[in-house]
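Here are the chains, one letter per residue:
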Amino acid sequence: MSDQGPAQPAGEPLRGSAPRSAGPAPAKDMYLRLEDVGKTFGSVVALDGVSMDVNHGRVTCVLGDNGAGKSTLIKILSGVHQNDSGTMYVAGRPTVFGSPKDARDHGIATVFQDLATIPLMSVWRNFVLGREPVKGWGPFRRLDLRAGQAIAKRELMMFGIDLRDPDQPIGTLSGGERQAVAIARAVYFGAEVVILDEPTSALGVKQSGKVLKFVRDARDRGIGVVLITHNPHHAYMVGDEFVLLKRGKMTNRWLKEEVALDELVAAMAGGAELADLAHELGG
Amino acid sequence: MSAPTAPAPADERLRPQPLWRKALVRPSVGAAIAALVVFTFFAAVDDSGTFTSPNGIASWLAVSASYGIMACAVSLLMISGEVDLSSGVMTGSTGLLLGMMVTEVGLNFWLALPVVVLFAVLIGFTNGMLVTWTRLPSFIVTLASMFVLMGLNSGVTQLVTGQVRVGGIDQASGYGLAQWVFGSRLDSEWALTVAVGWWVLVIVAGTWVLQRTRQGNWIYAVGGEKNAARNSGVPVRRTKVSMFIVVSLAAALVGTINAVELTSVSAGQGTGYEFYYIIAAVVGGTLMTGGAGSVIGASLGALILGMTTLGIQYAGWDSTWRFTFFGLILFWAVMLNIWVRDRAERGRR
Numbered sequence: 001m002s003d004q005g006p007a008q009p010a011g012e013p014l015r016g017s018a019p020r021s022a023g024p025a026p027a028k029d030m031y032l033r034l035e036d037v038g039k040t041f042g043s044v045v046a047l048d049g050v051s052m053d054v055n056h057g058r059v060t061c062v063l064g065d066n067g068a069g070k071s072t073l074i075k076i077l078s079g080v081h082q083n084d085s086g087t088m089y090v091a092g093r094p095t096v097f098g099s100p101k102d103a104r105d106h107g108i109a110t111v112f113q114d115l116a117t118i119p120l121m122s123v124w125r126n127f128v129l130g131r132e133p134v135k136g137w138g139p140f141r142r143l144d145l146r147a148g149q150a151i152a153k154r155e156l157m158m159f160g161i162d163l164r165d166p167d168q169p170i171g172t173l174s175g176g177e178r179q180a181v182a183i184a185r186a187v188y189f190g191a192e193v194v195i196l197d198e199p200t201s202a203l204g205v206k207q208s209g210k211v212l213k214f215v216r217d218a219r220d221r222g223i224g225v226v227l228i229t230h231n232p233h234h235a236y237m238v239g240d241e242f243v244l245l246k247r248g249k250m251t252n253r254w255l256k257e258e259v260a261l262d263e264l265v266a267a268m269a270g271g272a273e274l275a276d277l278a279h280e281l282g283g
Numbered sequence: 001m002s003a004p005t006a007p008a009p010a011d012e013r014l015r016p017q018p019l020w021r022k023a024l025v026r027p028s029v030g031a032a033i034a035a036l037v038v039f040t041f042f043a044a045v046d047d048s049g050t051f052t053s054p055n056g057i058a059s060w061l062a063v064s065a066s067y068g069i070m071a072c073a074v075s076l077l078m079i080s081g082e083v084d085l086s087s088g089v090m091t092g093s094t095g096l097l098l099g100m101m102v103t104e105v106g107l108n109f110w111l112a113l114p115v116v117v118l119f120a121v122l123i124g125f126t127n128g129m130l131v132t133w134t135r136l137p138s139f140i141v142t143l144a145s146m147f148v149l150m151g152l153n154s155g156v157t158q159l160v161t162g163q164v165r166v167g168g169i170d171q172a173s174g175y176g177l178a179q180w181v182f183g184s185r186l187d188s189e190w191a192l193t194v195a196v197g198w199w200v201l202v203i204v205a206g207t208w209v210l211q212r213t214r215q216g217n218w219i220y221a222v223g224g225e226k227n228a229a230r231n232s233g234v235p236v237r238r239t240k241v242s243m244f245i246v247v248s249l250a251a252a253l254v255g256t257i258n259a260v261e262l263t264s265v266s267a268g269q270g271t272g273y274e275f276y277y278i279i280a281a282v283v284g285g286t287l288m289t290g291g292a293g294s295v296i297g298a299s300l301g302a303l304i305l306g307m308t309t310l311g312i313q314y315a316g317w318d319s320t321w322r323f324t325f326f327g328l329i330l331f332w333a334v335m336l337n338i339w340v341r342d343r344a345e346r347g348r349r
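Those sequence lines, one after another, are chains G and F.
Counting from 1, one number per residue, gives the positions in the first sequence under my numbering.
Counting from 1, one number per residue, gives the positions in the second sequence under my numbering.
Heads up, some of the hints might be wrong.
[Stated by the list, open to error] With a cut-off of at most 27 Å between alpha-carbon atoms, the simulated BS3-like pairs for lysine-lysine come out as follows:
#1 Lys-213(G) to Lys-256(G)
#2 Lys-101(G) to Lys-226(F)
#3 Lys-75(G) to Lys-101(G)
#4 Lys-226(F) to Lys-153(G)
#5 Lys-226(F) to Lys-246(G)
#6 Lys-153(G) to Lys-135(G)
#7 Lys-246(G) to Lys-256(G)
#8 Lys-153(G) to Lys-206(G)
#9 Lys-75(G) to Lys-153(G)
In case anyone wonders, no lab produced these hints; they're calculated from the structure.
Work out the full structure: start from the sequences and follow the hints.
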């Protein structure tokens with residue numbers, strides 16, 4: 001069902017088990033390609049000359065320290081900002097996203113670290129938020145509670161989360177599991193590409209590991225993943241392509257087979273920080 | 001840590017919750033306990049027995065209904081993350097408008113009513129659009145509209161009628177049916193007002209919307225975390241503006257009920273009541289910051305305020321003591337809610 005439109009129309013009864021089946025990535029074109037993309041705000045060059053490929057069943061990592069231009073890149077990819085140089089191709093066609101909704105309609109879903117879920121709401125209500133399954137008609141059109149709960153339970157199970165009670169507040173889940181809910185719902189609602197904004201930065205080692213597993217699960221289900229991070233170790237564990245940003249410029253671009261972890265770490269951080277990172281790697 | 005009744009999966013932090021604990025997490029249960037305490041207290045201090053007599057009960061239910069209809073709407077708005085300080089004055093504005101239309105203009109009651117409804121939609125829409133466009137706190141925007149309306153209520157009433165009230169509404173054409181729909185009472189010993197019926201209707205409708213519709217899901221979402229809701233494709237502005245309109249429409253209903261029951265409306269009608277509605281909603285567990293609350297809870301809060309208002313009269317105390325009670329109730333009910341919720345949630349960790 002991967003040829004299905006990106007967003008399931010609101011209110012349409014949910015059918016089938018999952019809108020996507022795992023499979024090999026289409027060999028031909030990249031789903032999302034950036035060529036020399038740049039963005040300036042007045043006289044400030046926020047982003048310059050960024051090129052990257054994102055495709056189904058592939059993880060593209062964007063690495064950079066604070067202020068490297070990662071958030072500007074995310075905002076271009078998610079339709080908040082528009083690039084003013086270079087070209088973005090979606091499914092082979094030059095595209096500029098006019099709005100976040102436009103990006104979503106093109107199958108690009110962004111999971112923001114803190115802004116992905118609503119803590120006081122239940123897991124299943126969070127899961128179906130904005131595209132709730134409904135039944136009945138006219139004034140009796142109502143939420144299909146059972147369907148919504150079943151969807152949340154089943155889809156999270158696919159990411160290895162056994163949800164005992166879909167009605168529990170999502171705030172009771174761990175940070176990693178909340179990320180999983182956000183990823184799973186993007187996948188379920190037909191995203192071709194999921195952009196993850198620093199999904200591990202607020203998490204401990206164990207929780208980070210979980211999130212990286214979710215990234216791999218999403219990839220294995222045929223999703224293109226853009227992983228934004230400042231942690232080269234996390235990136236190297238799951239990435240197929242690495243794009244390194246520094247001060248708004250793309251300084252390096254590697255495929256996995258072209259680069260070793262040491263190289264990635266060295267490019268990312270100066271010598272003084274290496275010891276710390278090596279320590280983290282050990283953990 | 002609570003003792004799980006079934007072994008939890010090794011890599012999960014999910015544990016089954018006992019039913020009582022699930023119930024206690026709901027703040028409306030705290031409000032129900034508080035309502036019971038208030039009822040017992042006023043039943044005990046009232047030597048005449050009026051408070052627990054059918055007539056007494058009907059009386060405090062009538063007062064509770066006029067608070068409750070508004071508190072339901074206000075809690076919906078508060079769940080969506082906004083407040084409306086013009087809600088009290090709006091019950092006056094709508095009543096006055098209705099009164100002037102049927103007396104000064106001479107319109108049939110049932111022709112005047114749609115005009116009042118339209119007026120309410122317009123005010124709610126304006127409040128909502130001003131809040132979402134200017135991004136000012138709704139406290140500021142609706143404080144402004146409250147004062148504007150308060151001045152208009154008094155100024156226009158005096159200009160049109162030469163008095164500070166609109167009277168003689170029962171002389172209007174169509175009043176007979178209106179009296180039956182908005183102002184009738186059960187003829188039996190239990191002189192329940194029809195307003196209580198309207199209140200029940202509002203509770204059912206509000207609960208339905210909140211718990212069983214997509215709109216309800218969105219109301220919680222925009223109040224809980226606006227940006228996450230927007231990222232999920234929820235129409236944030238439309239949801240909030242709708243809730244402002246709901247509050248204004250509820251004010252039109254209460255304004256109409258008051259106008260029909262009393263057959264006259266004073267220019268100061270409803271002033272200050274906006275705080276009763278907010279108190280009722282908060283006592284019922286509605287979060288000031290949005291994202292949580294229920295219509296049932298708000299109604300229990302309104303019930304507490306209604307019982308207090310009349311309980312104090314029946315006890316023979318000066319009626320202004322109710323303000324002191326309202327303040328104390330607000331504080332202690334919120335403390336009770338937090339305490340209950342904390343205790344219940346402790347089992348989670």
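Each hint, compared with the structure:
1. Proposed proximity of Lys-213(G) and Lys-256(G) is supported: the alpha carbons are some 18 Å apart, at most 27 Å.
2. Distance check on the hinted pair: Lys-101(G) and Lys-226(F) sit about 16 Å apart at the alpha-carbon level, within 27 Å; holds.
3. A threshold of 27 Å between alpha carbons decides the hint, and for Lys-75(G) with Lys-101(G) the separation of about 12 Å falls inside it, so the pair holds.
4. Pair hint Lys-226(F) plus Lys-153(G) holds up; C-alpha atoms about 25 Å apart against a cutoff of 27 Å.
5. At most 27 Å may separate the alpha-carbon atoms for a hinted pair to count; Lys-226(F) and Lys-246(G) exceed this at roughly 32 Å.
6. The straight-line distance between the Cα atoms of Lys-153(G) and Lys-135(G) is roughly 19 Å, inside the 27 Å bound, and the hint therefore holds.
7. A threshold of 27 Å between alpha carbons decides the hint, and for Lys-246(G) with Lys-256(G) the separation of about 20 Å falls inside it, so the pair holds.
8. A hinted pair counts as satisfied when its Cα atoms are at most 27 Å apart, and Lys-153(G) with Lys-206(G) qualifies at roughly 23 Å.
9. A threshold of 27 Å between alpha carbons decides the hint, and for Lys-75(G) with Lys-153(G) the separation of about 31 Å lies outside it, so the pair is violated.
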